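**Student:** If you want the building blocks of each chain, they are given just below.
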Amino acid sequence: MKLVAGYPDSLTEKPFHYCPGCTHGIIHRLVAEVIDELGIREETIGVAPVGCSVLAYEYFDVDMFEASHGRAPAVATGVKRVHPDKIVFTYQGDGDLASIGTAEIIHAANRGEKITTIFVNNAIYGMTGGQMAPTTLVGQKTTTSPFGRDTNTAGHPIKISEMLSVLDGSAYIARVSVHDPKHIRQAKKAIKKAFQVQIEGKGFALVEVLSACPTNWGMAPVEAVKWLADNMVPTYPLGEFKEVE
Amino acid sequence: MEQVKRVVFDEERCKGCELCTTVCPKNIVKMADRINSHGYHPAEVAAQEECISCGLCAMICPDVVIRVYRPE
Ligand SMILES: Cc1ncc(C[n+]2csc(CCOP(=O)(O)OP(=O)(O)O)c2C)c(N)n1
Ligand code: SF4
Ligand code: SF4
Ligand code: SF4
Chain A
1 MKLVAGYPDS
11 LTEKPFHYCP
21 GCTHGIIHRL
31 VAEVIDELGI
41 REETIGVAPV
51 GCSVLAYEYF
61 DVDMFEASHG
71 RAPAVATGVK
81 RVHPDKIVFT
91 YQGDGDLASI
101 GTAEIIHAAN
111 RGEKITTIFV
121 NNAIYGMTGG
131 QMAPTTLVGQ
141 KTTTSPFGRD
151 TNTAGHPIKI
161 SEMLSVLDGS
171 AYIARVSVHD
181 PKHIRQAKKA
191 IKKAFQVQIE
201 GKGFALVEVL
211 SACPTNWGMA
221 PVEAVKWLAD
231 NMVPTYPLGE
241 FKEVE
Chain B
1 MEQVKRVVFD
11 EERCKGCELC
21 TTVCPKNIVK
31 MADRINSHGY
41 HPAEVAAQEE
51 CISCGLCAMI
61 CPDVVIRVYR
71 PE
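Chains A and B supply the protein sequences, listed in that same order.
Note that this note's numbering has the first sequence beginning at 1, numbered continuously upward.
Note that this note's numbering has the second sequence beginning at 1, numbered continuously upward.
Heads up, some of the hints might be wrong.
Quick list of in silico lysine-lysine cross-link-like pairs, BS3-like style, CA-CA up to 30 angstroms [unchecked claim]: (1) Lys182(A) to Lys26(B); (2) Lys26(B) to Lys226(A); (3) Lys202(A) to Lys226(A).
Selected chain A positions facing chain B (in silico; Cβ < 8 angstroms) [stated by the list, open to error]: (4) Met1; (5) Leu11; (6) Ser68; (7) Ile158; (8) Gly218; (9) Pro221; (10) Val222; (11) Val225.
If you are wondering where the hints come from, they were derived from the structure by calculation, not from laboratory data.
Bear in mind that the values here come from a model prediction, so they are computed numbers and not experimental data.
Every residue gets a Cβ at the ideal spot worked out from N, C-alpha and C, and that includes glycine.
Chain A on its own, in the form it takes in the complex (with noise of 0.2 angstroms):
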C-alpha cells in the first residue's frame, strides 16, 4: 500500500490545541507539508503571533521564536538579516497582522523583506473570545459589535492582500480559503509559490488564507466553513494579486 495522505515530518506529534473544525489545523499542514516537498526544514526558521496561533512554535518541527503582538514581521526581518542563508516565515492571525500589526507588516512588504508571511483571516479575535476585528465582515455580529459591524462607526473590511500588492517591495501576494479541497489545494499551491519566492530571493511574499473561527463566530464546523465560502469570499476576493517574475 502508498501512502497518499500521510503525517508531515515537519510537524511535531503534539495534537493541536484548536477548538474542533478550527481551520488554523488544516493551514498548519499545508505549511508543513510544504516545507517538507521543498527539503527546507533544516533550513527554516518561524515566528509564532500572538493570538490562538501563539503555540504555532510547539507544532512546527523547525527552529520557531515568539513575536510579541502584530511584531512577527520586525522579529522575521531581524531573523532573516542576520541569517540571509535561511528560510523565514511569520505565521499571523487578522488581530495580530490587520490591527495591531499593521504597521510592520506594511513596512516589512514595503522594503521587500525575504520573507514569507502566512496571514490568518478569520474576521474575528478568536483568541480573546470574539472581538470585532478590522477584517470583520459588514454586520457580522461580534462581542464588541453586538449589532453587527456598522462601517459609520466602524469603517470596512480591511483588504490586506490589494494594499499590500501595490508595494513595489512585495513579490508574491494571494489569497486562498480552505473551506473545501478543491480550494485547500489552491491555497497549498499558493503556500509553496511564496517559499519559492522566498527561496529565489525575489522579495516579501504574503499568503492570505480565510479561515473559520467556528467558536466564535456560534457554528458548528460544517456550518461555519459553509459560511465562509458563502460570506468571506464574496468580501475578499480570492486569487494573486501580485506575482513578480
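Fit chain B with the ligands to the known structure of chain A by using the hints.
**Tutor:** This is chain B with the ligands only, laid out in the frame that chain A set:
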C-alpha cells in the same frame, strides 16, 4: 487474508468536527457512537472496501487524524 485498511484514523486526535464526513465521494466516513478519551465521537470508515483512496477526507481534516493508503 488480513483486510488491509485504506483509511486509518488516529482516533485519539479526532475532535469529532465532522468535516471529513462532508467531502467523501463515496459517503462512507461516519461518526462512531463510541467516544474517545477527550469525549469526542471519532470519525470512522467501516466500508473500507468502498474507499477509492482519493484522500479528500484527510485533506480537510484540521487535526491530521487521517492517513490514506492506495494499493500498489
Ligand atoms: C499588546 C497586546 N495587546 C492585546 C493583546 C490581546 N490579544 C491577544 S490575541 C489578540 C487577537 C488575536 O486575534 P487574531 O490575530 O485574529 O488571531 P486568532 O486568535 O483569531 O487566530 C489580542 C487582541 C495582547 N496579547 N497583547
Ligand atoms: S477560538 Fe476560533 S481561531 Fe481560536 S482555536 Fe477556536 S475556532 Fe480556532
Ligand atoms: S479517501 Fe476518499 S473515498 Fe476514501 S474515505 Fe476518504 S474521502 Fe472517502
Ligand atoms: S475531520 Fe478530522 S477531526 Fe474532524 S471528525 Fe474527521 S477525523 Fe475527526
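**Student:** For each hint, tell me whether it holds in the structure or not.
**Tutor:** Structure-based check of each hint:
no., hint, in the structure
1, Lys182(A) to Lys26(B), "holds (17 angstroms)"
2, Lys26(B) to Lys226(A), "holds (20 angstroms)"
3, Lys202(A) to Lys226(A), "violated (36 angstroms)"
4, Met1, "holds (4 angstroms)"
5, Leu11, "holds (7 angstroms)"
6, Ser68, "violated (27 angstroms)"
7, Ile158, "violated (25 angstroms)"
8, Gly218, "violated (15 angstroms)"
9, Pro221, "holds (4 angstroms)"
10, Val222, "holds (5 angstroms)"
11, Val225, "holds (7 angstroms)"
The structure fails hints 3, 6, 7, 8 (numbered hints given earlier, in ascending order).
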